[in-house]
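Take the sequences, apply the hints, and build the full model.
First to last, the protein sequences are chains A and B. Residue 581 in the numbering used here is what sits at position 201 of the first sequence, and the numbering runs on without skipping anything. Residue 219 in the numbering used here is what sits at position 169 of the second sequence, and the numbering runs on without skipping anything.
The hints are simulated quantities; they were obtained by calculation from the structure and are not laboratory data. Only a predicted model underlies this, so the values are computations on that prediction, with no experimental measurement involved. Treat the hints with caution; some may be incorrect.
Claimed, not checked - Simulated crosslink set (DSBU-like; lysine-lysine; CA at most 35 Å straight-line): (1) A:K544 x A:K428; (2) A:K570 x A:K504; (3) A:K849 x B:K327; (4) B:K327 x A:K570; (5) A:K661 x A:K544; (6) A:K426 x A:K415.
What the hints assert, rightly or not - Distance windows between CB atoms, simulated: (7) B:E123 x A:K646: 29 to 35 Å; (8) A:A615 x B:N140: 50 to 56 Å; (9) B:P308 x A:K484: 53 to 59 Å.
Note that CB positions come from ideal geometry on N, CA and C, so glycine has one too.
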Amino acid sequence: MPLTDPDSRTEARWARELESILGPGQVLATASARKAYDCDAYTIDKSKPSVVVLPETTEQVRDVVRWCNRNQIPYTPRGAGTGLSGGALAAIGGVLISTKRMTKILETDLPNRCLRAQAGAVNKRISEAVAHAGLHFAPDPSSQTVSTLGGNIAENSGGPHTLKYGVTVQHVLALTMVDVDGEIVQVGSKVPGGPGLDLLGVLIGSEGTMGVVTEAWVRLTPNPAKVETVLASFATVRDATQTVADIIAAGTIPAALEMMDEGIMKAVSLAFGLVYPEGAKALLLIECDGDPRAVAGEMRTVLDICANHGAMDVAVAADEAERQKLWTARKKGIGAMGRIAPTIVTQDGVIPRSKLPEMLDRITEVAARRGIGIANIFHAGDGNLHPCMYFDDRDPAQVEAAVAAGEEILEVCLDLGGSLSGEHGIGVEKIGLMERMFGREGLDLMMDVRRIFNDGDLCNPCKILPNQKGCVEHMRRWRGAAW
Amino acid sequence: MVNTLLEPQTLEELADAVRDAGRMEVLGSGSHVAFDVRGPEGCAGLDDWSVALGHPTVLMMHRLSGIVEHHPEDMVVVVRAGTRLTDLQNSLAERGQCIPWASPLGDIGTVGGLLALGPPNGLEARCGGWRDWCLGMTIVRPDGRVARSGSQAVKSVAGYDVHKLMIGARGTLGVIAEVILRTLPLGARPEPTWSVAGSLSASELRIQRTLATDFAALLSAARDVAHVADEATCTLWSADSELPRFEHDWVMRAGCGPRNLEPFDAVHTGWMRSAKKLLDPEGKLNPGALEAI
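Here you go:
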């Protein structure tokens, strides 16, 4: 694996060779194209790939991987680039394998409620393709209108409705992937479970470090017979977090249980003209779905608990249009933050749910001490926080403060018994905190597990675990801006 | 037959025992030995594990038991692997919670043993199974190192889900010492919707799962055999008999011997061998079990 950038003549030669393998128009090597692919949605760190390839089939991915192996060139798979931890940053002198032309839905098996699609298929398109049959693909990351099935598999993506329906790993039955030897392999089966090792469970969420996923069979979930959506506002953040804790403790599992604080409310008010009650400091969006009678019972419990904690305003959606309106603050909240500051970095820690009130106080304290703005928007029902730090990245001192604040918040998550990431992954962003969470022994075990599938250093190197050859140089490159 | 019986009571004792021992059989309470893929035909017998196995050292996990932490408000429990499932369910019930598990055999076995075998759940369609409930593990490696995976957060994508690899690995890749599990309020636990025809015994159990489109044909073939059928997950627990096989299906069979083996393709076999070589290089844990697969 090279540790310095190849010269431009070498890069041009690589581009020609790859184009002869793939076909005209399937290789991007101009300066502007490479710049367009120099980061994912984690924008603090950047790294230009030497070449970007756009394969259309599993066989083409295999040919690219084999070419990389022959030439000892590292490669990194990339979906839509909506990842938030830098998992799709290219290695030094590396090839970026984009799945943007692998968008086909290949096969639909309605009687068995499953569907096979290429890795570049957009999440939302999968649900749209089976809507006529009353089915959908349950994982619904906020990026679902652009993020891809392959990216969702790499990150084991969640989303608001995964509280009830489970994350990506619960909805993927089988994968087709190109392994690090350049062989096409199938993992899993249309019938889940059974004897043998759960290789699928380890591969999903491995952030593209164990091979390149090119196709998957996914489970389709029946659309609920009834959906009720509530947006409640509260005078204090603590009232809202306590409401969440009580709903969970009552044994009610809503389909979604989302929280937004004052910072997000201000941003969406500015962006979309939404009006919230005077003095409201937090919003809870609660959705119950399923069998109509069960939903009615859950709604009674939810509304009672909201009232017990002094909810100021409780809006229940009367129809689909109103439901979409209530969801606006949640779905478009982070985008709306763009009005408040030039740079937004969204964090992704998880804590045990009962610790939410304490955690929110700690975040406020960190933001004040570090002198940066933090708004909170998150999956309260499963304790998955998304503190949204806003600042100006033209000022190096603010970048440094934001990075430090983010790490401090994650350390609090670990102290409270939680996790470094609920759905965004480790990528390059959180590598430095992995040992704190898992200890040396935990990381050694993970490294051994990586070696089952990937004993080399070419497939998305130096992500998640930084202990391959050349990772010091890579971290210097990737984290140049952040450190 | 058994020369050495190891029965550690603490994590430290377990780590020392595993480090110092040579090749060993790892058992929970011994109740699922009947699902062994090795040994002679017809060796099954629930209390007969010492006869069923031919190895000089047996590591019995039943004394490493009890709840380490239970956070009812977070619906998370940390439990030692040797805890019998009935004991865990009773303790959780005192706080109004449970593990939403249903098996035609009832709550037999230990938590670690059930995870190591990974049998299907009778409430799986609505409540998931072991793979969905297990949030993390403490694993003792064959050289005595203690590694942790996962966390108490109900949702986490930090690092590789190493604990998922241990589920269904039949104790061949590491010794499960402690487990972090999701719990469910008792009131939210549904009743199984399976249909029951006759009674089943652990020693003659056969479990098969098919595609939805094949399940009616399987049920029809099984009409004269004692069985429990869950249409929601297309799973059939039945008395052992020769039932038809279908594309994509799988079977787990009680008893000992190669007839319990499911064939795997070359790539999977290669990965499984590689997993064994990397995680248990000296082949100390449950020798033969994974190699047989």
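Against the structure, the hints:
1. A:K544 x A:K428: 39 Å, violated
2. A:K570 x A:K504: 21 Å, holds
3. A:K849 x B:K327: 22 Å, holds
4. B:K327 x A:K570: Since the Cα atoms of K327 of chain B and K570 of chain A sit roughly 29 Å apart, the hinted pair holds (cutoff 35 Å).
5. A:K661 x A:K544: Holds: K661 of chain A and K544 of chain A sit about 26 Å apart, inside 35 Å.
6. A:K426 x A:K415: 9 Å, holds
7. B:E123 x A:K646: 29 to 35 Å: Because 31 Å falls inside the window, the suggested range holds.
8. A:A615 x B:N140: 50 to 56 Å: 42 Å, violated
9. B:P308 x A:K484: 53 to 59 Å: Between P308 of chain B and K484 of chain A, where Cβ atoms are some 42 Å apart, the hint is violated.
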